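**Student:** As they're listed, the protein sequences go chains A and B.
Going by this note's numbering, the residue at position 144 of the first sequence is 144; the numbering climbs one at a time, nothing skipped.
Going by this note's numbering, the residue at position 143 of the second sequence is 398; the numbering climbs one at a time, nothing skipped.
Everything labelled a hint here was simulated from the structure, so no lab data went into it.
Heads up, some of the hints might be wrong.
[Stated by the list, open to error] DMTMM-like cross-link-like pairs, simulated, lysine to aspartate or glutamate; straight-line CA separation at most 25 Å:
hint, chain 1, residue 1, chain 2, residue 2
1, A, Lys71, B, Asp435
2, A, Lys100, B, Glu354
3, A, Lys71, A, Asp52
4, A, Lys252, A, Glu88
5, A, Lys100, A, Glu221
6, A, Lys71, A, Asp90
7, A, Lys252, B, Glu354
8, A, Lys100, B, Glu269
9, B, Lys359, A, Glu254
10, B, Lys359, B, Glu349
11, A, Lys252, B, Glu350
Computed from a predicted structure; not experimentally measured.
Residues per chain, in single letters:
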Amino acid sequence: MTRLLWLDYLASLRERKTYVAAAMLAYAVLAIPLLLADPPPHVREAIAAWFDDGDPFAVFMFVWIDLVMNKVVAFIPVILASGVVLRERDTGVLALLAAKPLTLPRYFVVRTISACAVMLTLYAATQLLAAAWYPGRVAGFRPGAFLAAMSLHAFAAVFATAFAATVIVAVGRRGAGTLVALMLLGVMVGLALVGFYQPEWYARTLANPLTLGALAMRDLEHVRASLLLPPMLALTGLTAVTIAVGAWVVRKVEA
Amino acid sequence: MTDTLGFSGHLRREWRFAPRRGPIVMMLVGVGCVAFNHLVLPLFPERAIAFMRAGFRLEDMAGVLALNDLMGVYFPTFFVGLASSLGVVLLAREEHRLELLLAKPVRTADFVAARALPVLAWTAAVGVGISAAMAVALALQGEVGRSVSPVGALGGGLFLTALAVVLLAALQIAFVRIRDPFTGLLVACGVWLGTSVPTAVLLYRPDAFAGHPVALHNLVMPSLLWHEATLGWLGPLCLLASLPLAVALARTAGAWLERSDAL
Numbered sequence: 001m002t003r004l005l006w007l008d009y010l011a012s013l014r015e016r017k018t019y020v021a022a023a024m025l026a027y028a029v030l031a032i033p034l035l036l037a038d039p040p041p042h043v044r045e046a047i048a049a050w051f052d053d054g055d056p057f058a059v060f061m062f063v064w065i066d067l068v069m070n071k072v073v074a075f076i077p078v079i080l081a082s083g084v085v086l087r088e089r090d091t092g093v094l095a096l097l098a099a100k101p102l103t104l105p106r107y108f109v110v111r112t113i114s115a116c117a118v119m120l121t122l123y124a125a126t127q128l129l130a131a132a133w134y135p136g137r138v139a140g141f142r143p144g145a146f147l148a149a150m151s152l153h154a155f156a157a158v159f160a161t162a163f164a165a166t167v168i169v170a171v172g173r174r175g176a177g178t179l180v181a182l183m184l185l186g187v188m189v190g191l192a193l194v195g196f197y198q199p200e201w202y203a204r205t206l207a208n209p210l211t212l213g214a215l216a217m218r219d220l221e222h223v224r225a226s227l228l229l230p231p232m233l234a235l236t237g238l239t240a241v242t243i244a245v246g247a248w249v250v251r252k253v254e255a
Numbered sequence: 256m257t258d259t260l261g262f263s264g265h266l267r268r269e270w271r272f273a274p275r276r277g278p279i280v281m282m283l284v285g286v287g288c289v290a291f292n293h294l295v296l297p298l299f300p301e302r303a304i305a306f307m308r309a310g311f312r313l314e315d316m317a318g319v320l321a322l323n324d325l326m327g328v329y330f331p332t333f334f335v336g337l338a339s340s341l342g343v344v345l346l347a348r349e350e351h352r353l354e355l356l357l358a359k360p361v362r363t364a365d366f367v368a369a370r371a372l373p374v375l376a377w378t379a380a381v382g383v384g385i386s387a388a389m390a391v392a393l394a395l396q397g398e399v400g401r402s403v404s405p406v407g408a409l410g411g412g413l414f415l416t417a418l419a420v421v422l423l424a425a426l427q428i429a430f431v432r433i434r435d436p437f438t439g440l441l442v443a444c445g446v447w448l449g450t451s452v453p454t455a456v457l458l459y460r461p462d463a464f465a466g467h468p469v470a471l472h473n474l475v476m477p478s479l480l481w482h483e484a485t486l487g488w489l490g491p492l493c494l495l496a497s498l499p500l501a502v503a504l505a506r507t508a509g510a511w512l513e514r515s516d517a518l
């Protein structure tokens, strides 16, 4: 299984869609300094109030998470996961796979983990490129705090990929499943930072996995393990449960 | 059996097989988004509302609600149309059904247009339904302000619906040459995000539009609300015009597919 996972990961990395996604992410990295060169006063004041932090780095992190990486997490995981098992069924390959010594739930787990690994690779490469490119180009940029905060958000990206794979298999049709996954992740992304805008709702928004991924925004001055580890563990658990649910649901898929 | 079917005859056949459940569900989702906006956004602190008002140059709460509603029109409408339009050529090709479908006694341009048109018509229906819900919600909440009338908001929603229909029809031209549905999805997502970039620029770099009023008033989404009186008639007109334009684009895609030797 490990060998299959590795080969599937390598094959997915070499696909054209991965290159297109990488190009889009590189564009985002290059465009953000232009977007943040001169934020208007109302943006600076609002973000300073929401995050209790008047540092320009907080403005950057808000834009990076809300405008860039949350949108990435809504779209790219769905595309990476949209073919898991159902593409094999629709192209007539599933009957062939059924003759192999690998059950369908295990095959789903392999393909989903592979998609998560591709997402994580794209995600990590983007953050590293940003950490190398932004010092001196983005006001107040702190590479250490940035990488620490985004390491938590990466768990949300991995969760989103597992979630999309499970939802699409549960729906059972690629087009409709992709749409449902996109809508559900869109809602999660849309509500991810609502607890910061309306503090009364903060506790309830913690039920949203994408809010958990953005919790480093609570204290960017002191991004520390005690702030990052609990949501990381929660997201890891949610991802494992989501993949397990997908492996259970996938049994209904017929060749 | 060997006679070539007319376009309308083939369209009638394809219409029967167009996905319906997805668009109806998405229309309900969009209406739910509008209801959510009108029930929840007024509960946000004044600072968050003021941020959107100042950032998008809106006069009152009606403008803030209408802008969020417009996103509730554009996102579901485009993506329900995208999910359905993948089946026109891309998925059929990947599943090795395209050769069989093209063996039908119908010209390729007619074939693609006949498969795309029902999808685009349902896409338009989703946009019209959500836009109407948006207008009703604004009419019911008169106390939120007068800067955007229900008719103007409806026009803005119909304009975005027309934009979604034309973009999806134009994407068919790309889809007849793209072999991988994942790449197709990614390109389509990129196109959708591309149309939203000017609005993000308005929020974070309004100075980029200084001295470029034409770009400002034609590219950013809030401009649909700044000119709501014009959109009251321009939106429906654009939606009407979008359907024949979409047919022409789908036929262009079909003509290109006909010249392609790689199925």
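**Student:** Take the hints in turn and mark each one as holding or not.
**Tutor:** Going down the list of hints, with the structure as the test:
1. Of the supplied pair hints, the one linking Lys71(A) and Asp435(B) holds, its CA atoms being roughly 22 Å apart against a limit of 25 Å.
2. With a C-alpha separation of about 30 Å, the suggested pairing of Lys100(A) with Glu354(B) is violated against the 25 Å cut-off.
3. A hinted pair counts as satisfied when its Cα atoms are at most 25 Å apart, and Lys71(A) with Asp52(A) qualifies at roughly 24 Å.
4. Taking the CA atoms of Lys252(A) and Glu88(A), the gap is near 14 Å; set against the 25 Å cutoff, the hint holds.
5. Straight-line distance between C-alpha atoms of Lys100(A) and Glu221(A) comes to about 53 Å, which puts the hinted pair past the 25 Å bound.
6. With a C-alpha separation of about 29 Å, the suggested pair Lys71(A) and Asp90(A) falls outside the 25 Å cut-off, and the hint is violated.
7. Our distance criterion of 25 Å between C-alpha atoms is broken by Lys252(A) and Glu354(B), whose separation comes to about 30 Å.
8. Under the criterion of a C-alpha separation no larger than 25 Å, the hint pairing Lys100(A) with Glu269(B) is inconsistent with the structure, at around 38 Å.
9. Taken as a hint, the Lys359(B) and Glu254(A) pair is broken in the structure, with Cα atoms around 29 Å apart against an allowance of 25 Å.
10. For the given pair, Lys359(B) sits about 18 Å from Glu349(B) by alpha-carbon distance, which is consistent with the 25 Å threshold.
11. For the given pair, Lys252(A) sits about 21 Å from Glu350(B) by alpha-carbon distance, which is consistent with the 25 Å threshold.
Comparing the model with each earlier hint shows violations of hints 2, 5, 6, 7, 8, 9; every other hint is respected.
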